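Visitor: With the hints as extra help, turn the sequences into a complete structure.
Each protein sequence line maps, in turn, to chains A and B.
In terms of the UniProt record's numbering, the first sequence opens at residue 1 and continues consecutively.
In terms of the UniProt record's numbering, the second sequence opens at residue 1 and continues consecutively.
Please keep in mind that the hints were generated in silico from the structure rather than gathered at the bench.
Possibly wrong hints are sitting among the right ones.
Which copy? The list can't say, so a pair holds if one copy fits it or any two copies do.
[To be verified] Derived PhoX-like pairs: lysine-lysine, alpha-carbon spacing no greater than 25 Å straight-line:
#, residue 1, residue 2
1, K104, K130
2, K127, K104
3, K239, K86
Remember, predicted model here, so these are calculated numbers, not experimental data.
As a plain string of letters, each chain reads:
Number of protein chains: 2
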Amino acid sequence: MSKIKLSEIATEPPKKFEKDEIKKAKEDILKDLNELQNLLYASHEHSLLVVLQGMDASGKDGTIRDVFGALNPQGVNVQSFKVPTKEEFDHDFLWRIHQHTPAKGMIQVFNRSHYEDVLQLNHPEEKIMKARFKAINNFEQLLAEHNNTTILKFYLHVSHEEQVKRLTERTKNPEKMWKYNPEDFEKSEKYGKFQKLYEDVFEECNEIPWTIVPADDNWYKEYLVAKICRDALKDMNMKYPTLKAVASES
Amino acid sequence: MSKIKLSEIATEPPKKFEKDEIKKAKEDILKDLNELQNLLYASHEHSLLVVLQGMDASGKDGTIRDVFGALNPQGVNVQSFKVPTKEEFDHDFLWRIHQHTPAKGMIQVFNRSHYEDVLQLNHPEEKIMKARFKAINNFEQLLAEHNNTTILKFYLHVSHEEQVKRLTERTKNPEKMWKYNPEDFEKSEKYGKFQKLYEDVFEECNEIPWTIVPADDNWYKEYLVAKICRDALKDMNMKYPTLKAVASES
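Guide: Next up, the structure:
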């Protein structure tokens with residue numbers, strides 16, 4: 001497979017999709033998702049890990065609110081990974097991540113993730129980067145093989161223009177100002193460099209594949225993430241435990 | 001390398017070692033160990049993970065008390081791994097282990113460890129066992145490569161006769177009765193089967209090597225564990241941070 005070039009991948013929905021139809025389809029998917037989540041929780045054999053990555057203002061928070069907010073919070077945990085604390089920094093980079101991997105029956109959403117450690121502009125030398133990619137692959141394999149965890153990795157792909165528009169909105173809309181960070185615009189100028197880092201990640205850590213989600217339009221982004229989660233849960237072929245099975249366990 | 005046969009390895013100290021001399025040597029080693037621990041804590045770049053495995057009554061608790069009990073408890077943590085809790089069991093088998101890996105500057109002692117999951121008589125099928133061995137190797141590599149952790153793995157090698165003697169002592173000595181478990185004698189009858197499981201572990205998980213410690217005599221066992229820990233810390237070539245370096249960091 002040749003290396004993915006993000007600049008060649010659309011950030012808008014494919015033309016055939018029509019906003020109102022997709023919004024309606026999403027509502028149906030969320031109903032399925034709700035039922036499947038209950039089944040995941042009840043059957044208690046699988047778990048789902050949703051990794052959300054994307055540049056600033058790519059819509060990670062909105063995805064969490066509008067997709068996973070529709071589910072029973074008893075079965076969903078969200079963990080945001082910010083700058084590591086001193087204690088976290090004193091351990092290997094996967095230490096803080098591993099603590100939040102999903103228990104059987106649960107959906108865990110990562111708002112940013114272990115991938116932050118291979119997405120730094122001032123990244124360490126090649127040898128260390130390669131070792132981190134390998135460690136990440138091993139880690140994801142551990143979860144998949146030894147705890148029946150399905151891992152869905154989403155890159156929310158927003159155009160530079162849309163990113164700048166959203167960041168500017170943060171400086172003007174009182175309800176969004178709390179999200180404003182003076183560094184955001186500096187980082188936005190390095191959009192191309194971050195894209196390159198992501199392209200490396202897609203190449204090196206694709207044993208469990210990434211989905212690149214066109215994210216300029218929220219309605220399409222939410223639809224696609226919800227749909228992929230729904231399909232993944234469906235593929236688990238779960239069954240409600242019967243009364244008999246419950247009785248024999250106790 | 002041909003497979004290790006535990007039945008061919010002595011459980012007594014080599015003849016050239018004399019008890020009184022060794023006890024005196026151990027005292028000197030513990031002094032070194034104390035100084036090196038302080039240096040580990042102060043320099044804050046490395047960490048040490050000591051994995052203690054061995055059959056029931058092989059002397060794990062005693063090793064912890066008599067070797068690591070001599071150190072500053074601020075820099076040493078001990079974690080015992082017993083039967084997994086329900087929450088632990090709902091995650092991959094390394095989840096509970098990873099939480100207790102040492103922070104930089106620290107010595108962490110595991111009283112039993114992740115190896116318990118490949119040392120069960122009713123073990124899962126070969127394919128799953130192989131996957132666990134691989135996951136363990138990857139996990140240890142993660143700690144070594146990504147947090148500067150030196151891992152020392154000790155198998156306390158006690159003879160079946162000595163084990164039975166110690167278990168019997170537990171039924172008679174009021175200070176040891178709390179350790180008695182009716183299952184101990186049943187498990188002791190399967191000494192040979194457990195040895196086979198350990199031999200598989202030594203073969204499959206030797207990227208970070210094991211030390212087989214003759215453990216019929218406590219004085220030799222303690223000496224050897226202390227010595228190997230001392231030597232490992234010495235090999236880290238640590239230096240106290242100077243005043244200048246401290247100032248420039250703050």
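Visitor: For each hint, tell me whether it holds in the structure or not.
Guide: Taking the hints in turn, this is what the structure says about them:
1. K104 x K130: Answer is between; shortest inter-copy Cα gap is 22 Å, intra-copy 31 Å.
2. K127 x K104: between (35 Å within a copy, 22 Å between copies)
3. K239 x K86: The answer is between: 21 Å across copies meets 25 Å, while 44 Å in one copy does not.
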